[in-house]
Amino acid sequence: MLRSLYSGISGLRVHQTMMDVTGNNIANVNTTGFKGSQTVFQDTLSQMMQAAGAPQAGTPGAGGTNPAQVGLGVRLAGVQTNFGQGAAQTTGRNLDLMVQGDGFFAVQKGTEQLYTRSGAFNFDANGAMVTTDGNFVLGWNAATGNVPVPPTGAPEPIMLPGDVESFTISPDGSLVGVLADGTKRTFAQVSMANFVNPGGLEKAGGSTYRATVNSGDATIGTAGTGGMGALQTGALEMSNVDLGQEFTNLIIAQRGFQANTKVISTSDELLNDLVNLKR
Numbered sequence: 001m002l003r004s005l006y007s008g009i010s011g012l013r014v015h016q017t018m019m020d021v022t023g024n025n026i027a028n029v030n031t032t033g034f035k036g037s038q039t040v041f042q043d044t045l046s047q048m049m050q051a052a053g054a055p056q057a058g059t060p061g062a063g064g065t066n067p068a069q070v071g072l073g074v075r076l077a078g079v080q081t082n083f084g085q086g087a088a089q090t091t092g093r094n095l096d097l098m099v100q101g102d103g104f105f106a107v108q109k110g111t112e113q114l115y116t117r118s119g120a121f122n123f124d125a126n127g128a129m130v131t132t133d134g135n136f137v138l139g140w141n142a143a144t145g146n147v148p149v150p151p152t153g154a155p156e157p158i159m160l161p162g163d164v165e166s167f168t169i170s171p172d173g174s175l176v177g178v179l180a181d182g183t184k185r186t187f188a189q190v191s192m193a194n195f196v197n198p199g200g201l202e203k204a205g206g207s208t209y210r211a212t213v214n215s216g217d218a219t220i221g222t223a224g225t226g227g228m229g230a231l232q233t234g235a236l237e238m239s240n241v242d243l244g245q246e247f248t249n250l251i252i253a254q255r256g257f258q259a260n261t262k263v264i265s266t267s268d269e270l271l272n273d274l275v276n277l278k279r
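In UniProt numbering, the protein residues as written are 1 to 279.
Read the hints as simulated data drawn from the structure, not as lab findings.
If you're wondering where the values come from, they're calculated on a predicted model, not measured in any experiment.
Here are the computed distance ranges between Cβ atoms for each label pair:
1. Gly-205 - Gly-64: 51 to 61 angstroms
2. Leu-270 - Ala-27: 31 to 41 angstroms
3. Glu-202 - Asp-273: 40 to 50 angstroms
4. Phe-123 - Asp-43: 50 to 60 angstroms
5. Arg-3 - Asp-102: 38 to 48 angstroms
6. Phe-41 - Thr-152: 45 to 55 angstroms
7. Leu-270 - Glu-202: 35 to 45 angstroms
In this text, a Cβ means the ideal position worked out from N, Cα and C, and glycines have one as well.
With these hints in hand, go ahead and build the complete structure from the sequences.
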């Protein structure tokens, strides 16, 4: 009965975590670039009541026996992020970028390099390309002329030259500026990053991710190369949360929680009956 109590408590814990994850998914159903998560459960250790027995050769009626084990509950195995493609929301802004396929935008927050799927960008008063949180968007700048193909060197914050009057962004992330005399030049290119194991990335808030020892180092490149998706201008990637699935998960979590409370209350009643045997 004590085993059933502890099993019920462990069930309450994991289903509460499932409810927390599901609630966060629903809260971010309209968050640009958000990727939903799901909980994964696994059983804990089982107590061995009787070990397996080998068949006794030559002894009639002495066959093998299977092990008898009693489970001791459930635990959280992990919270996995779903990096599936989100739907496109057309905005018409030439500074709104959407990744069609794999890859992340590389941004700089202080001295740290982070990664995001949210492509809502702007230029600040200093001409630096930034996210809505003020993080610098990384890429390659051309001191004069055009950005070399392929770009060389480490990515740096993208800057808007003072002589550029207007610009467009190509599917490969190239920023093509129009000068006062009508000539065009590619003054910068947005960098892209990809990982061997995106599921190993750590959420850093603000729809950004941080590389970890299990994600592997970032592979830096440009859109449309090295397995990285192309960029669509004038659109943003919306959250990939499926509301229908999340509402179903809410019901599953609620029923699982209720069932485990029943295990605890029933075990408590049995213990109470044992205590009342002697009065």
